[in-house]
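**Q** Each chain, letter by letter, is given below.
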Amino acid sequence: MESFDAWYSREHDRMIATLVLSTGDVELAVEGVDEACSRALERWTRVGAMESPTGWVYRVAINHARRVARRRGMEHMVFRKQTPIPDLPGPVGDLWELVESLSERQRQVVMLRHVADMKESEIGAVLGISRGTVSSTLHDAHQRLGRLLNDDDEP
Amino acid sequence: MSQLTRLSQALIDEPLAPRPNVDELWTRSRRRHQRRRSATAGLLALVVIGAFSIVKIEDSSPSSPNSSKNIAASVQLASYYRAAGAVSNSTFDAVGLPSNVAVPTKVTPSISTVATNGVVSYVGAEYCPYCAIQRWALLVALSKFGSFTNLDNQVLSSSSDAYPGLASWSFVGAKYTSTYFTFDPTELSSSTPSTNGGYQSLEKMSAAQQRAFDKYNPQAGLPFVDMGNHYVTLGASASPSVLEGLTLGDIGGDLSNATSPVAQAIDGTANYLIAALCTMVQGTTPAICATLATHVASKALDSGVSPTAKNSSATVAPTQPPTNAPMSVWKKWSDEMHAFLLAGAANFRAPNSACTISRIDVTGRKLTEPLLGVPAGVTEWALSFTGKCSPQNQGNGGL
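Those protein sequences? They're chains A and B, same order as listed.
104 is the number that the numbering used here gives to position 104 of the first sequence; each next residue is one higher, with no gaps.
Numbers in the numbering used here are just positions in the second sequence, counted from 1, shifted up by 1000.
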């Protein structure tokens, strides 16, 4: 089994990039990934033995980010607290402008496929949806974003 | 490689946020546990205060010694999981022991499985639809003896198996706390197909769990639930069909509706599991062990026969009436004899392991003249067997 340290140093930055581009919020992405990695560290003997430890961590990270976002929404409602508008630096801001029009589900699927480099079956496991739903979501996103998502070797 | 992959590579090469070191992750983990403990303690205090206030206001309202503990411990679970822990004793009693729910099998502990005495083991898989329904029943039953956390890994059973796409969750990462016993769940595979045609593997059984699995589950079927090496369930105790087309929220909502098919299957199974779990309790037993449903289920566990199973009275051959009894009595006797033989045929196993039975028939014949004290006009029933024994056993008594 791979050590936690080796897995962590290889996957961390890619996971942050995937979640930032899924949520459009660096703070939320960092919170989700760090929380998920800390949980994975705690139970690494189990998680590390899984077929896809990264898939497990993505699932936990996405769920945690969702919870934090919900809590923020509640705080906004109860305390009239302003939710900061995502201010994405440099290249990520440009990318975000391109993918912002996608639905949340489409963005998650697209980022897990093209940034996290996961297979459709793995994405289905992460998001708790069938492989067919992953395919059709990707197809819809491809229709919308066209060349940005098309593989170079495709006609 | 897509353009998006290329563009995002810059974000990986020049990360947007620093990577915390492992020590910082451990610190985060410790803080999380502290927060959880504080939240639980705070909520427990609130619940105790709330419960005290309610008792003061309504002296007549019934109290449950476990309710505050269960409520406090289950707050971290989503509403549908909380619904599983909130099934009331009156619902359990109303559901009872439906005839379509299998009775757990009594097993004998042995020296080889001593390490799992006092342990509730679950072995299943995320793709497995039978595991989907058994998980629910386990959750309902175990929630009466302790509390779960981290049950947020939602999964769908395989889309290509029987009962495709049932809504469930995975026990991977789940934690269970109880003063009565340990819960050791293992999900062997995910619901993600692997390249070799099966499913991607997830967890492995511990050596002790593997020993119990091999001993009590020689067919290696899933799910397997072992309650302290006293009782086991092999496969689903009820049909997963009741979950088809339902969301987790639908299922959670139906659990407290005693007449719903979901409650009949899941709470009905939980009644047996609770009775079996009560046999593992040492010292003071929780209140759930004293309910009517648990009492009846305990008796069924001892006998191995569901009190509501069809033809349950057919386990004893009916007494032949006197020859001069009215025809209505003979008709009833004939029906009972038919049921008795059907039950016998259904449970028949060849006593000689070298012989196999390919067919058993229960055939009726209306007597045209009295035979052995049975008057003419009564239908007499007989069992007939078709099978074969291996050549070296022929002539040694057959079946």
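Some hints here could point you the wrong way.
[Stated by the list, open to error] Straight-line C-alpha distance at most 20 Å; calculated SDA-like pairs for lysine to any residue:
#: 1; chain 1: B; residue 1: K1204; chain 2: A; residue 2: E42
#: 2; chain 1: B; residue 1: K1175; chain 2: A; residue 2: G132
#: 3; chain 1: B; residue 1: K1175; chain 2: B; residue 2: V1378
#: 4; chain 1: B; residue 1: K1175; chain 2: A; residue 2: E42
Since the hints were derived computationally from the structure, they do not count as laboratory data.
**Q** Run every hint past the structure and note whether it holds.
**A** Against the structure, the hints come out as follows:
1. B:K1204 / A:E42: holds (18 Å)
2. B:K1175 / A:G132: violated (32 Å)
3. B:K1175 / B:V1378: violated (62 Å)
4. B:K1175 / A:E42: Judged against 20 Å, a Cα distance of about 13 Å means the pair holds.
In summary, the structure is inconsistent with hints 2, 3 from the numbered list given earlier, while agreeing with the others.
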